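Under our numbering, the first residue of the sequence shown carries the number 1, and numbering increases by one thereafter.
Hints are computed from structural coordinates only; laboratory data are not their basis.
Just so we're clear, the structure is a prediction, and the values are computed from it rather than from any experiment.
Glycine is no exception: its CB is placed at the ideal position from the N, C-alpha and C atoms.
Be careful, since some hints might not be right.
Stated by the list, open to error - Simulated restraints on C-beta separations: (1) 560 <-> 45: 52 to 62 angstroms; (2) 244 <-> 124: 34 to 44 angstroms; (3) 534 <-> 463: 53 to 63 angstroms.
To be verified - Think about it this way: if two alpha-carbon atoms lie no more than 20 angstroms apart in a straight line, the pair counts; the simulated SDA-like pairs of lysine to any residue are: (4) 309 <-> 270; (5) 420 <-> 398; (6) 362 <-> 571; (7) 309 <-> 328.
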Amino acid sequence: MNNPQLTTVWSSVMVEELIRQGASFFCISPGSRSTPLTAAIARNPEASWKMFPDERSAGFFALGHARATGFPAVLVCTSGTAVANYLPAVVEASNDRIPMLILSADRPFELRECGANQTIRQNGIFGTFTRWQMELPEPSTSIPLQSLLSTIAHGVEKSLNSPRGPVHLNQPFREPFEPESCSTPEPWLEPLQAWQTGRRPSTVAAQPEKHPDMDSMRTLRELTGNARQPLIIAGNSTDENDSRAIAELADDLQVPLYADMTSGLRFSSSILPWQQAFASPEFRNAFRPDLVIHFGGGLISRHPSDALKQWKPDHLAVIRNHPGRYSPDHSVTLSIEASLRLTADALRGCRTGASALMAPAKRFFTEADREIAAATAPDLPVSEIGTARIVSELLPPDHLLFLSNSMPVRAMDSYAHTGKENPIKTGTNRGASGIDGIISTAAGFAEGHGQPLCLMIGDLAFLHDLNALSLINSLRVPIQLILLNNNGGGIFSFLPVSEFDDIFEPNFATPQNFSGRPAAAMFGLDYAAPLTNSEFRESLLSALNSNRSTIIEVVCSRSENVRLHRALQARLGLLATEAFFIP
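Make the full structure from the sequences, and use the hints.
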């Protein structure tokens with residue numbers, strides 16, 4: 001076999017095994033060194049793929065796709081800085097335990113560390129952020145193809161095992177790269193005959209749920225049964241079965257459940273929006289839990305963490321389905337690595353009688369809902385609070401929601417309307433909580449689910465990923481992009497540094513004077529710019545009923561946004577004082 005034939009067979013075997021392992025979606029960036037891989041993907045009828053001129057955007061699209069499907073999308077690129085552009089998405093995937101597989105083409109041995117063009121040290125480039133990384137050999141008939149199959153299978157398995165995350169396979173190729181078939185029988189291929197004629201993967205890996213330890217569960221049941229004021233917190237979780245089990249546990253025990261936006265429970269009609277109470281010092285002074293059970297990962301708001309520091313509960317138990325530590329304040333007293341669903345199910349029935357907090361809480365949330373509705377009245381100028389409230393009310397069951405970091409995700413977490421019978425599938429990048437790659441991730445999330453999506457994003461995050469607007473019209477489904485344009489980084493206005501006038505505006509707020517209208521025109525998207533809450537409602541309803549993608553730009557003031565948030569929180573604080581009988 002000559003070199004083109006050899007690399008063609010080698011690459012075809014790799015791609016075919018990836019597909020059989022469930023990693024059948026490929027995010028390809030154009031390049032010469034990766035030609036054998038690109039050709040193998042393009043010629044495999046079972047492969048799905050999308051082309052990305054920008055590798056950074058490709059990385060975040062793969063991240064969103066994997067969030068939706070639960071399987072790694074495969075990133076394919078050429079050598080050099082191309083692979084380095086994946087790093088931000090790899091960091092997010094690692095921190096949030098999202099499967100991902102990077103297949104980077106590289107120069108052969110003789111072109112490395114010698115000044116050859118477009119050559120960097122690629123092996124190990126992602127450091128500790130990968131679950132596994134391997135330098136593959138240059139294609140050779142001296143290497144059994146069974147070992148290549150086994151390596152590919154292991155790479156997918158490592159990406160999906162606990163903790164899930166990125167895997168990097170670095171593949172050197174020697175020129176020429178053009179695909180060339182081999183028609184003569186080759187002894188090298190004979191051991192693969194059974195694999196070639198079948199459709200099964202070379203290796204099948206089992207990933208069973210982890211049952212909670214009996215001794216730990218005995219302790220936790222005893223603590224829960226004896227607790228005077230227990231509290232359950234539902235943090236970041238991607239499994240609907242886990243979320244449902246946590247909600248059923250709180251209902252069974254009749255104790256408060258703080259459901260973070262990333263828990264999958266925030267919109268449910270059966271869940272009280274405790275975010276609105278936890279934001280009030282008045283509430284935190286009235287409620288003193290002695291046991292807190294935290295399911296899943298991190299939270300969007302800092303208020304629960306502040307409350308825990310104030311309360312200092314006797315016991316803080318954390319249940320997570322991975323071996324990583326979750327104890328940001330170093331106050332956890334019981335840590336259990338196990339299935340969230342199985343642990344929640346095992347805790348049911350360990351106490352009777354409703355928490356004394358539940359009756360006043362229902363009165364508080366009824367009044368709080370009226371206050372938020374008044375703050376988002378139809379004739380008022382549309383604000384960040386108003387957009388979150390209206391989106392949560394209008395989003396239909398077949399739509400997805402994606403929330404950018406900083407203010408959009410916080411506004412939705414705090415002020416979203418509850419009342420949905422079925423949960424809205426919601427995506428966020430909370431692993432590292434960056435504002436990079438948001439449009440790309442949302443596009444991948446929509447494509448992976450095959451459902452239309454509404455994205456709420458701030459102006460700086462919008463600019464950071466502007467080129468990803470080119471993806472939107474290539475998707476199978478439309479996207480409604482709500483651009484919250486307050487001319488800078490709105491979240492900094494809530495921080496103490498905002499009081500330092502001489503440095504705040506140029507060095508932190510970083511104002512960007514732009515309009516979303518030209519961007520919409522450039523990328524062939526519809527555009528609307530509502531001024532009031534009623535106009536925003538009409539624009540969103542029109543976009544939701546259209547099969548075209550739309551940018552809805554909400555222009556608002558950073559200072560006015562701070563005033564609205566603080567005024568509303570003050571009113572909710574007064575309601576908390578009345579509802580929870582604080583002297």
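Hint-by-hint comparison with the structure:
Between residue 560 and residue 45 the beta carbon distance is about 55 angstroms. The supplied range of 52 to 62 angstroms therefore holds. For residue 244 paired with residue 124, a C-beta distance near 41 angstroms keeps the hint of 34 to 44 angstroms intact. Separated by about 29 angstroms at the C-beta atoms, residue 534 and residue 463 break the suggested range of 53 to 63 angstroms. As the CA atoms of residue 309 and residue 270 are separated by approximately 28 angstroms, the hinted pair breaks the 20 angstroms bound.
With a C-alpha separation of about 12 angstroms, the suggested pairing of residue 420 with residue 398 holds against the 20 angstroms cut-off. Distance hint between residue 362 and residue 571 is fulfilled; the C-alpha atoms sit about 17 angstroms from each other, no more than 20 angstroms. With a CA separation close to 11 angstroms, the supplied pair residue 309 and residue 328 stays within the 20 angstroms bound.
Figure legend: structure checked against the earlier numbered hints; hints not met, in rising order: 3 and 4.
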